[in-house]
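Undergrad: Spelled out, the chains give:
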Amino acid sequence: MSNAALVQVQNVTKTFHRGSEDVPVLSGLDLMVNQGEFLALMGPSGSGKSTLLNLIGGLDRPTQGSVSIGGDRIDQLSDRELAAWRARHVGFVFQFYNLMPVLNAQRNVELPLLLTSLNKSERRQHAETALNVVGLSHRLKHYPRTLSGGEQQRVGIARAIVTDPTILLCDEPTGDLDRKSGDDILTLLQTLNKEQGKTIIMVTHDPHASARASRIVHLDKGQLSAQPA
Amino acid sequence: MKYLGLIWSNLKRKKLRTALTVLSIFVALLLFGFLFAIKEAFTAGVRIADADRLIVRHKVSLIQTLPVSYEQRLANVPGVAAVTHMTWFGGIYQEPKNFFANMPAQPEKIFDLYPEYTLPPEATALWAKTKNGAVIGRTLADRFQWKVGDRVPLTSPIWGEPEGATAWEFEICGIFDTIKKGADTSMFYFRYDYFDEARPRGKGEVGWYTVRVQNANEAAAVAAKIDEEFANSPFETKAEPEGAFAAGFAQQVGDIGSIMIAVTSAVFFTILLVAGNTMSQSVRERTEELGVLKAVGFPNGLILVLVLAESCVIAMLGGFLGLGLAWALLQAGNPVPALLPVLYVPNQALITGAVLVLLLGIVAGAMPAITAMRLRTAEALRRNG
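Respectively, the protein sequence lines represent chains A and B. Per this note's numbering, numbering through the first sequence is continuous, rising by one, with the last residue being 229. Per this note's numbering, numbering through the second sequence is continuous, rising by one, with the last residue being 385.
Heads up, none of these hints are tricks.
Which residues of chain B face chain A? A few of them, derived with a C-beta cut under 8 Å, are: (1) Lys2; (2) Tyr3; (3) Glu288; (4) Glu289; (5) Val292; (6) Lys294; (7) Thr377; (8) Leu381.
Okay, derived cross-link-like pairs now, DSSO-like style, lysine-lysine, Cα gap no bigger than 27 Å in a straight line: (9) A/Lys120 x B/Lys12; (10) A/Lys141 x B/Lys12; (11) B/Lys180 x B/Lys39; (12) A/Lys141 x B/Lys2; (13) B/Lys180 x B/Lys109; (14) B/Lys15 x A/Lys141; (15) B/Lys2 x A/Lys120; (16) A/Lys141 x B/Lys14; (17) B/Lys181 x B/Lys97; (18) B/Lys131 x B/Lys147.
Away from chain A, derived, C-beta distances all over 10 Å, residues of chain B: (19) Asn98; (20) Ala231; (21) Glu236; (22) Phe249; (23) Ala309; (24) Trp327; (25) Val363.
Everything labelled a hint here was simulated from the structure, so no lab data went into it. Values in this document were obtained by computation on a predicted structure and should not be read as measured data. Glycine residues also receive a C-beta, built at the ideal position from the N, C-alpha and C atoms.
Generate the whole structure from the sequences, applying the supplied hints.
TA: Following this line, the structure appears as structure tokens:
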């Protein structure tokens, strides 16, 4: 596992505007995540965990400060450049899976590949490989409604890794699952981290889930309260 | 092309809603096709009228007749190249609902004045030999399954029947076709000499004259000279270009073009609201999915195009089916041959319809597509939580 800093969040402030009111969510936050790390981002509701994850994933921009991923200042990219950057470097895993109900598992996983130059059979092959990695090679043609929650999250993870991204960002990936399915998903994420060297940042408020990470960071009221080694 | 599967899958998301929207567009374009065909039926005469042909009729109205002696005087007017005449016969075949235009004409001249119609030489020869002979258009022959040699009895409330006969009996000598799309081939022409000899009243009178001028650019001047020639006579004339004459006929029913535009506009506006509503609902329901597409890297422009394409596919499915069915139904047969002898969906309607369908798709999808494009990814994803 390399120790080079992959993610550098420096002096980041994020303020939302709600009507005439400014709501500060993050204030002067610094965070570094090394290549190959599995970081758990913990904190109570409203602490700014998901906001920070969105900033690292290029889904939102900081009000102040800088966000660099692999040396790229993503806070300075245009919308179009940011979209292209996300397609190349980030895989997202969502709490509620966010699969397209009208597409089967294989075609859901193929979605990010539509933005590449791969042809149809290559896309299909990549999707099958990704589904095989998450243990769902027998569910290729199944639609989300016919899959269990755990299986849907596995499809979500396959979609996130199918483009071989630099970093995996998981927002409460076990939040909607029972303990057994949640454990399976966490084991899968650990495997991806340890065996394939994927850098993972996982937002969670579940200590059981965060225990699987290699490092835990606590966020409270928009500031990092502790960074245990 | 690789996004077609995604677009198609999204259309199948709410099958009933998509089907109803497609159906409403289908009905609108079917109606558009029929309306355009009706407009064409009324205005084709204007469109296909030759610029070098004039119609000369009685100044008071078309139902007033003119003397047959005018033929020679018209031929002598400077600028006139050829003259023939016709008369409204108003003959009825079996019963009034079998209406078709039937007129006495001059066999040796009529097809020179109307070169857009072609009659086989053997038919021309037979007609010249057969005093009660008639030639008919292809549409009329197909309508009544008439063929050369058939005898057709007509009664004429206007002119009465020949002495001692209960009907005028004509023998079909030939069937003429046309080389000009939209030209009416539902007419029935028979010989004027036979008509004039046998009619019990109105001998020596004709309905109107068709005049070919030597130079189309001087048609208006020749028309003025003709009217001047017969001014202050018991039978004053009104000479006008054939197109204006045909337009006058169409205007008797009303401004068909304006009526069609009004109906079509109302229908399209309604359909625009239906299709726009469908697309708006569809985009609203998929906010999170659009957020996911953006998160995995779909740029805003591509999101816009995908939603617009979805809207256009719905419009094209319904629109092209509707236009196609209107075209196919009228190609298969004219349901109202007595009322509108020339009824077909012209190419111009198909092109206009196709453009309208695409516009409908783009306009109906524009607002939802822009909304989808402007969605902020983080907010779109948050709606799920």
